[in-house]
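Q: Construct the entire structure; sequences and hints are all you get.
Number of protein chains: 2
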Amino acid sequence: MNIALDAMGGDNAPEAIVAGAVEAARIYGVTVSLVGRPDVLAVELKKHNTQGLDLPIVAASQVVEMNEKPAAAVRTKTDSSMVVGCKLVKRNEAQAFVSAGNTGGALAAGILHIGRIKGILRPALIGPFPTLKGACMILDIGANADVRPEHIQQFAIMGTIYARDVMGVTHPAVRILSNGEEAGKGNQLVIESFKLLEQTPSINFQGNIESKEIPTGLADVVVTDGFTGNIFVKTAETTARLMTQVITEEIKKSPLAMVGALLARKSLGRVRERMDDSHYGGAVLLGLSSVVIVAHGRSNAFAVRHAIRIAKQSVEQDLLTKIQRGIAVVEQEQPATHAAASSS
Amino acid sequence: MNIALDAMGGDNAPEAIVAGAVEAARIYGVTVSLVGRPDVLAVELKKHNTQGLDLPIVAASQVVEMNEKPAAAVRTKTDSSMVVGCKLVKRNEAQAFVSAGNTGGALAAGILHIGRIKGILRPALIGPFPTLKGACMILDIGANADVRPEHIQQFAIMGTIYARDVMGVTHPAVRILSNGEEAGKGNQLVIESFKLLEQTPSINFQGNIESKEIPTGLADVVVTDGFTGNIFVKTAETTARLMTQVITEEIKKSPLAMVGALLARKSLGRVRERMDDSHYGGAVLLGLSSVVIVAHGRSNAFAVRHAIRIAKQSVEQDLLTKIQRGIAVVEQEQPATHAAASSS
Chain X
1 MNIALDAMGG DNAPEAIVAG AVEAARIYGV TVSLVGRPDV LAVELKKHNT QGLDLPIVAA
61 SQVVEMNEKP AAAVRTKTDS SMVVGCKLVK RNEAQAFVSA GNTGGALAAG ILHIGRIKGI
121 LRPALIGPFP TLKGACMILD IGANADVRPE HIQQFAIMGT IYARDVMGVT HPAVRILSNG
181 EEAGKGNQLV IESFKLLEQT PSINFQGNIE SKEIPTGLAD VVVTDGFTGN IFVKTAETTA
241 RLMTQVITEE IKKSPLAMVG ALLARKSLGR VRERMDDSHY GGAVLLGLSS VVIVAHGRSN
301 AFAVRHAIRI AKQSVEQDLL TKIQRGIAVV EQEQPATHAA ASSS
Chain A
1 MNIALDAMGG DNAPEAIVAG AVEAARIYGV TVSLVGRPDV LAVELKKHNT QGLDLPIVAA
61 SQVVEMNEKP AAAVRTKTDS SMVVGCKLVK RNEAQAFVSA GNTGGALAAG ILHIGRIKGI
121 LRPALIGPFP TLKGACMILD IGANADVRPE HIQQFAIMGT IYARDVMGVT HPAVRILSNG
181 EEAGKGNQLV IESFKLLEQT PSINFQGNIE SKEIPTGLAD VVVTDGFTGN IFVKTAETTA
241 RLMTQVITEE IKKSPLAMVG ALLARKSLGR VRERMDDSHY GGAVLLGLSS VVIVAHGRSN
301 AFAVRHAIRI AKQSVEQDLL TKIQRGIAVV EQEQPATHAA ASSS
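Protein chains in written order, with our numbering: chain X, 1 to 344; chain A, 1 to 344.
By construction, these hints were calculated from the structure, which means they are not laboratory data.
Check each hint, because a few of them may be wrong.
Cut-off 30 Å, straight-line C-alpha distance, at most; resulting in silico cross-link-like pairs (DSSO-like, lysine-lysine) [to be verified]:
hint, chain 1, residue 1, chain 2, residue 2
1, X, LYS212, A, LYS133
2, X, LYS195, X, LYS133
3, X, LYS234, X, LYS212
4, A, LYS133, A, LYS234
5, A, LYS266, X, LYS266
6, X, LYS322, X, LYS90
7, X, LYS234, A, LYS185
8, X, LYS87, A, LYS185
9, A, LYS212, X, LYS212
10, X, LYS253, A, LYS212
11, X, LYS185, X, LYS234
12, A, LYS266, X, LYS253
13, X, LYS133, A, LYS234
14, A, LYS212, X, LYS266
15, A, LYS253, X, LYS253
16, X, LYS252, A, LYS266
17, X, LYS253, X, LYS266
18, X, LYS322, X, LYS133
19, X, LYS69, X, LYS118
20, X, LYS234, A, LYS195
A: Dropping the structure here:
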């Protein structure tokens, strides 16, 4: 299997990206095509023992930077690592594409150069959220700011298949993010989507969920629009970072507290591990006709390695065929909904 | 000044509520009317030294419980502390109403029994979020799940007046919560509201804000719809609580770490203080024709005292007249918008 990797994308590129690729090639036995500037990547590869590993370099002269406007950058930078990587996958020279670069750029390049699975109205970004029982998968966390109930329904189907076949959850419980747990709570979109989800036999829909219940592990899959989902994920990340910052500041003010923190450092390390989601490999852009993984911008080698693992598992599980089949079943069950959805 | 207090509402009622009322009466020199069951409240009052304080009991035989459906409960329980408290204010026997009970119930009772300020389309719940520079005021955090741009515009005006006259912020910076900081980022509601906010001279509008920038203190007022705002606030609270729980769990596993935590306990206490928002007194329901404060359900005496302080300040600052005037100015500037808004 060949995974195309955007070797130039991410806060720690190319060093951490290439290091993650080397680890992944060794541990998972996959070919990783490093897409980017050949001179730069050759230097990086020399830092590692790559004997027996298959790590070809695929030339791309440009980079979509983290702060660029995604759609415009993808359109103008046709020789960027992002566009070249997506095209490799489109031509079936690679089976999946992984990038830790500009998320919007990866979305735009994926939609433009790879395209959607037949029947999918809107690809969605699915990402893990740590809970006391493992990870809950949330989608959409940022691909679509405005959606309709039939999009949410497709998100629920794609999320169910992903949780079951990639994360290994039996009969995943699906809930919709709302501002109250009782049925009937929510904005118009939630209330209408709720009705449609109730009528979708291929998912295990269990009703609304409030954000405060997500960490308890009450749901395996949470569906929401990409605007709310994005704000949810960023707010959680921000609060965790703010708390860490405030704790560090206060401890540094007192020598006694610094000794205390030193004594507790193993425990604090385990806290970091439990709150860390890098072993989940980042977010997956579901609904495209190839596997596309969008790792976090600040990914280190460990996170890149796991993003490649998720890509490999998604390909092995034949995720895309399963999604296509799952969507087709709903289309047959609900011809009216589908007709309404495709006409708009 | 007489503040009507729902003495039966909240997780710690009536004990903590009455204790907070006694503190407030002593420190701020206000009359606090304790609304609830006279027998229960008389017993609570006897626990305190109330000499020279004005703490009349106003009889109400029912309680809107925390888990009741708000609108129905307020309609059927006409002798509840919530309804009786709102009616006191409506008859001008008290100048403000404070409750730590069911938030939806306080909203419903306020809208039903007190009513809106002339020109206000939708009352909104405004609440504080701790930042590195103080508090940022966020509205709407839960009164309206679906809103239109003209509602967001009124939220911005009410938020500006509140931040300036109650929180003492000079020329408060207003931003709209979005999934990206650049203009043009957001869902349809954000994009359309952005245009309207740009054309509102009475506010200091500075564009979009992502949730990750809120803790830095980039905005004094953040406007959003009540669905997104509610999820934002609850997600932040939840993440902070989850982190505290995980840290406590890990520290308890190791005797060494427990010694460490003991040495750092003063610093950790200061962390709790900095993350604690109870001295901001809870959320205020802006847009009603009386001052209504909705304190957190888990309010202790300290939080109740500060909720009463905020009520007093809001009355002293003549907040309601200022809001009415602020809204009238915009109506004159934008007759078209106002006409469109009032006809719907």
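Q: Are the hints correct? Go through all of them and say.
A: The hints, checked one at a time:
no. : hint                : in the structure
1   : X/LYS212 / A/LYS133 : 26 Å, holds
2   : X/LYS195 / X/LYS133 : 28 Å, holds
3   : X/LYS234 / X/LYS212 : 15 Å, holds
4   : A/LYS133 / A/LYS234 : 21 Å, holds
5   : A/LYS266 / X/LYS266 : 21 Å, holds
6   : X/LYS322 / X/LYS90  : 19 Å, holds
7   : X/LYS234 / A/LYS185 : 15 Å, holds
8   : X/LYS87 / A/LYS185  : 27 Å, holds
9   : A/LYS212 / X/LYS212 : 19 Å, holds
10  : X/LYS253 / A/LYS212 : 25 Å, holds
11  : X/LYS185 / X/LYS234 : 23 Å, holds
12  : A/LYS266 / X/LYS253 : 10 Å, holds
13  : X/LYS133 / A/LYS234 : 20 Å, holds
14  : A/LYS212 / X/LYS266 : 28 Å, holds
15  : A/LYS253 / X/LYS253 : 26 Å, holds
16  : X/LYS252 / A/LYS266 : 12 Å, holds
17  : X/LYS253 / X/LYS266 : 21 Å, holds
18  : X/LYS322 / X/LYS133 : 26 Å, holds
19  : X/LYS69 / X/LYS118  : 28 Å, holds
20  : X/LYS234 / A/LYS195 : 25 Å, holds
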